[in-house]
Amino acid sequence: MIKWIGLASLISGAFFSSSVGASDTSGLKISAAADLVADFGWQDVAASQRLQARSVELMFYGPTDHLFHGMISVAAHPYDGAMDVGVHEAFIGSSKLLPRTRFRLGQFFLGLGRLNPLHQHDWPFITAPFVQREFFDGEGIIDSGLEVSVLMPSSFYWDVTAGVTSGWRITHSHGDEGEAPSIPTHYLRSEFFQSFENGGIKTGLNYLGRKDAEEKWLWMLGVDATAKWRRGKVLSLLVQSEAWLRAQKPRSLEISKELGAFVFGQTAVHESFYAGLRVDALSQLDLKDAQDERLTNLEWGLSPQLTFEASEFAKWRAAYALESRYQEGSNTSWGHRLSLQAVFLLGAHPAHEF
Amino acid sequence: MKSIQFCALILLLSACGSDLLKPQGDISRSFKALDQDLILVDIGNLNISSSEISGSGAFVVNDPLAGVDSEAHFKIDAVLNEGALVEFIVFSSAALEDGISFAFRRADNLVSLKITNSFRQASWSDTIRLQDENRVSFSLDVHNQEQPAHFILWDGLLAGRRVPDLIDSAEDDLNLGNGRGAFWGMRLENATLLQISREQAVKSHD
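Chains as they are written, first to last, in our numbering: chain A, 408 to 761; chain L, 1192 to 1397.
Note that these hints are calculated values from the structure, not bench results.
Treat the hints with care, as some may be off.
[What the hints assert, rightly or not] A short, non-exhaustive set of chain A residues, derived as facing chain L with CB atoms under 7 Å: (1) A453; (2) R576; (3) D583; (4) G585; (5) P657; (6) Q691; (7) L692; (8) D696; (9) A697.
[Said to hold, decoys possible] In silico SDA-like links for lysine to any residue, alpha-carbon gap of 25 Å or less: (10) L:K1223 x L:S1395; (11) A:K618 x A:H677; (12) A:K623 x L:A1286; (13) A:K436 x A:S551; (14) A:K695 x L:S1261; (15) A:K695 x L:T1383; (16) A:K695 x L:E1278; (17) L:K1266 x A:S455; (18) L:K1266 x A:G736.
Ideal placement from N, C-alpha and C gives every residue a C-beta, glycine not left out.
Using the sequences plus the hints, can you model the full thing?
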């Protein structure tokens, strides 16, 4: 058992993260991150058509005392020509109160899937996968509540996370606080990890449910997998994928279901250069026309990218994307996207899982 | 030829009685105009040609949006005579119910705009000044995946991040909730519709 607790600690930051030196728990840490993106679209692709600071984030984190730790992050995003500033995360947590158990209380990115808990500047690609854009509000679902994780007493690494959050909102709003849901947002994640020579694979099974103020049910089921192979300090191969099924049932209306997924693969072509490719797919499974005839539909994308990463603290990326949407009975739309990104971090930076 | 076809359509629809109000897969209610496949919801006394729809009645565009929780951009161009109504309904059912409607009415040479969510029984209305009081030409972004639905209305067919808008529900604190369907259509009263089209949202937040 002790070896699995030790492994959990390793996965939580010490083994696979290159931010090891920045993750000690003595005193307040301050970190800043800027995510600069130039996004250009042609034909049917909507883009900002300019360079802008997609997000600027300030993070403060550290132990509050010998039992608890806390984190506060404030982020600014462009909206209508100005930077809209808001609190991303503000939570207190601990891993020292109960054996194999950790929790956090406050506002945070829900611990679901692979991308949602990560800040956007830590993603391995520039734009949000279609499924993340549609199901997770682009950047990620943030809410206030309690999340508890338990390392299960098993012969293999198995970590279970359960959370309940207010559920007043499930997507972003423009200052509107939302309404009290009939059933608040609740979620469950079961996570597994298997190490192998020079790497490891982490997989997760996810569930989220919520019933809003108008008694519309939302259910999401997802599976994610991330595998890494390292050659020394170099991440020689990364394969990352998520697939989600979203079902919604408004009161007195039929259930609607959507399925979305992405697969991203990246390989090191040099010590600091990486080449990657992402494939996106999204479909509404029960789309019908006004005469109740089922319509096949698929939104898909293909996005090769190049990354230059001399260190964890500065990344440069360029990506091209071919994006298309097919819907039976209507014109297929498509277009091209060119995205350039520069991400830099100042100060310490929290260690990332795996 | 078109008018003969339409008269035949009216006769056929008259025989259908109250079935007109609820689309139930009756192919005879469908027609093509303004480069869209349209289905009548309320026949009224609409006159339909390939380049305009005039009179009174209602129809839904047989081109569902990418789900209830999605966003889209629309362009509408219509002649608004005295006493006329031009109502655009979006994220509604195929019967134009439970959606968000934008109703322009001209009375006493004043144009009023009423925005309503019929499911929530919430509405907002005011008189507005348009570029051309005889013409309702507007562009509309509706982000129904946000809570509440976020809509941005431009006076004219030109829209964009740098084009001044007439109404931005987020900035003007208009919380009318969300539409509950994936369809869009029009209701006309003594008006003439010249254009109805949809595109990708202009102010997408991704």
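Cross-check of the supplied hints:
1. A453: holds (5 Å)
2. R576: holds (6 Å)
3. D583: holds (6 Å)
4. G585: holds (6 Å)
5. P657: Cβ of A:P657 sits 5 Å from chain L, so the hint holds.
6. Q691: Holds - the Cβ of A:Q691 comes within 7 Å of chain L, reaching about 5 Å at its closest.
7. L692: violated (10 Å)
8. D696: holds (5 Å)
9. A697: holds (4 Å)
10. L:K1223 x L:S1395: violated (30 Å)
11. A:K618 x A:H677: violated (49 Å)
12. A:K623 x L:A1286: holds (20 Å)
13. A:K436 x A:S551: Between A:K436 and A:S551 the Cα gap is close to 23 Å, so the pair holds against 25 Å.
14. A:K695 x L:S1261: It holds: about 15 Å lies between the C-alpha atoms, which stays within 25 Å.
15. A:K695 x L:T1383: violated (29 Å)
16. A:K695 x L:E1278: holds (24 Å)
17. L:K1266 x A:S455: Given that 25 Å is the threshold and the Cα spacing comes to 21 Å, the pair holds.
18. L:K1266 x A:G736: Given pair L:K1266, A:G736 holds - Cα atoms ~20 Å apart, limit 25 Å.
Hint check: violations occur at hints 7, 10, 11 and 15; the rest are consistent with the structure.
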